[in-house]
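Student: Chains as they are written, first to last, in numbering that gives the first Met the number 0: chain L, 0 to 104; chain P, 0 to 154.
Treat the hints as calculated values from the structure; they're not laboratory data. Model, not experiment: these values are computed from the prediction. We treat Cβ as the ideally placed atom computed from N, Cα and C, and that holds for glycine. One or more hints might be untrue.
No farther apart than 20 Å at their CA atoms in a straight line, the calculated lysine to aspartate or glutamate pairs in the EDC-like style are these [unchecked claim]:
1. P:LYS51 to P:GLU134
2. L:LYS85 to P:GLU5
3. P:LYS116 to P:GLU134
4. L:LYS77 to L:ASP15
5. L:LYS77 to P:ASP120
6. P:LYS2 to L:GLU31
7. L:LYS70 to P:ASP94
8. P:LYS126 to P:GLU103
9. L:LYS3 to L:GLU13
10. P:LYS2 to L:GLU14
11. L:LYS70 to P:ASP107
12. P:LYS51 to P:GLU18
13. L:LYS85 to P:GLU35
If you want a taste of the chain P side facing chain L, the calculated C-beta under 7 Å gives, among others [said to hold, decoys possible]:
14. GLU32
15. GLY77
16. SER80
17. ALA92
18. ILE95
19. GLU100
20. MET104
21. GLY111
Take a look at the letters that make up each chain.
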Amino acid sequence: MPVKSYAGAQVDVEEDGFFVHPEQWSQDMAPEIARESGVPELTERHWEVVSFMRKEYLASGDSPSVRLLGKASGVPVKELYQLFPKGPAKLAAKIAGIPKPRSCI
Amino acid sequence: MDKTIEKVSVIISKGSLAEIYPGLIMANGARAEGIEANLFFTFFGLDAVNKKRQAHIKLSTVGNPGLHLATWLGSFPGVSSVMTRYMEHTMGAADIPSIPEFIEMIADTGAGLYGCKASVDLFKLTKDDLIDQVEEIITVGEFYEKAAGGQIIFT
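One chain only, chain L, in its complex shape (with noise of 0.2 Å):
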């Protein structure tokens, strides 16, 4: 299993990046996270997402889809794009330290 480096702390990732252990995240690693999937500044918009989705998944074991996040983070679905352009869900899981969204809606 990969392990990669984030401020200064050993994670294991999974072979897509996907945090393996989500409790191994902590909130200084986001930026470096969000920046190698292309997200170059996380912006207090961008924060609101990757919370929601942490607490979602720490809430109910699954991670959110682009249609929960549209409906119930407080970012519509047009804005997500706009924010994560290449798939707000999977970016936000993988920069929240939490597994790939497994949703096919």
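Assemble chain P onto chain L, guided by the hints.
Tutor: Just chain P now, kept in the frame of chain L:
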């Protein structure tokens, strides 16, 4: 990274519930993966973006063996409506959006929605008959131009 899909163009050519959803899911799923997506509505598939019809898409109850319903029964008046309502209820419970809601969401993801010129002409429709999210009415040639460099999925 080795080979990845960068762009898909999904054609929706049929007008029943079970034949519209798969194309929508393919397009929406592509956008969720950061893949560029176009949706092209042609022939009866146009109903999915027809203002008057998109909320009334029916499940086909005749010639649909997957439904496990005898064809003669499926042909009775009202059976299609009842089965459609049942299906919509089941899908709602599984948190699958209705067709109008789904298409609005897909447009918001930045996918391009297009109507087929031949079909619009055939059914004597205009762009005004289609929902606002449809960007333009295009010819098959223009469709291929938009699809260039990507994968084409016909449903």
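Student: LYS116 of chain P and GLU134 of chain P: Cα distance at most 20 Å?
Tutor: This hinted pair holds, its Cα atoms lying about 13 Å apart.
Student: Keeping to a limit of 20 Å between CA atoms, is the pair of LYS126 of chain P and GLU103 of chain P held or broken?
Tutor: With Cα atoms ~17 Å apart, LYS126 of chain P and GLU103 of chain P stay inside 20 Å; holds.
Student: Is LYS2 of chain P close enough to GLU31 of chain L, meaning Cα to Cα at most 20 Å?
Tutor: 25 Å, violated
Student: Quick check on the hint: GLU32 of chain P CB to chain L CB, less than 7 Å?
Tutor: Result: holds, 5 Å to nearest chain L Cβ.
Student: Next item in the hint list is GLU100 of chain P. Is there a CB on chain L closer than 7 Å to its CB?
Tutor: 9 Å, violated
Student: Next pair to validate is LYS70 of chain L with ASP94 of chain P; report whether the Cα-Cα distance is within 20 Å.
Tutor: 12 Å, holds
Student: Would you mind confirming whether the straight-line C-alpha gap from LYS77 of chain L to ASP120 of chain P stays at or under 20 Å?
Tutor: Violated: LYS77 of chain L and ASP120 of chain P sit about 31 Å apart, past 20 Å.
Student: Starting from LYS70 of chain L, check that the Cα of ASP107 of chain P is at most 20 Å away, please.
Tutor: 13 Å, holds
Student: Does GLU134 of chain P lie within 20 Å of LYS51 of chain P when you go C-alpha to C-alpha?
Tutor: Judged against 20 Å, a Cα distance of about 18 Å means the pair holds.
Student: Mind checking the CB of MET104 of chain P against every CB in chain L and telling me if the closest is under 7 Å?
Tutor: 6 Å, holds
Student: Should the hint that GLY111 of chain P touches chain L count as held when the rule is a Cβ pair under 7 Å?
Tutor: Result: violated, 13 Å to nearest chain L Cβ.
Student: Classify the hint on GLY77 of chain P as holds or violated, based on whether any CB of chain L lies nearer than 7 Å to its CB.
Tutor: Since the shortest Cβ distance to chain L is 29 Å, the answer is violated.
Checked against the numbered hints given earlier, this structure breaks hints 4, 5, 6, 15, 16, 17, 19 and 21; the rest are met.
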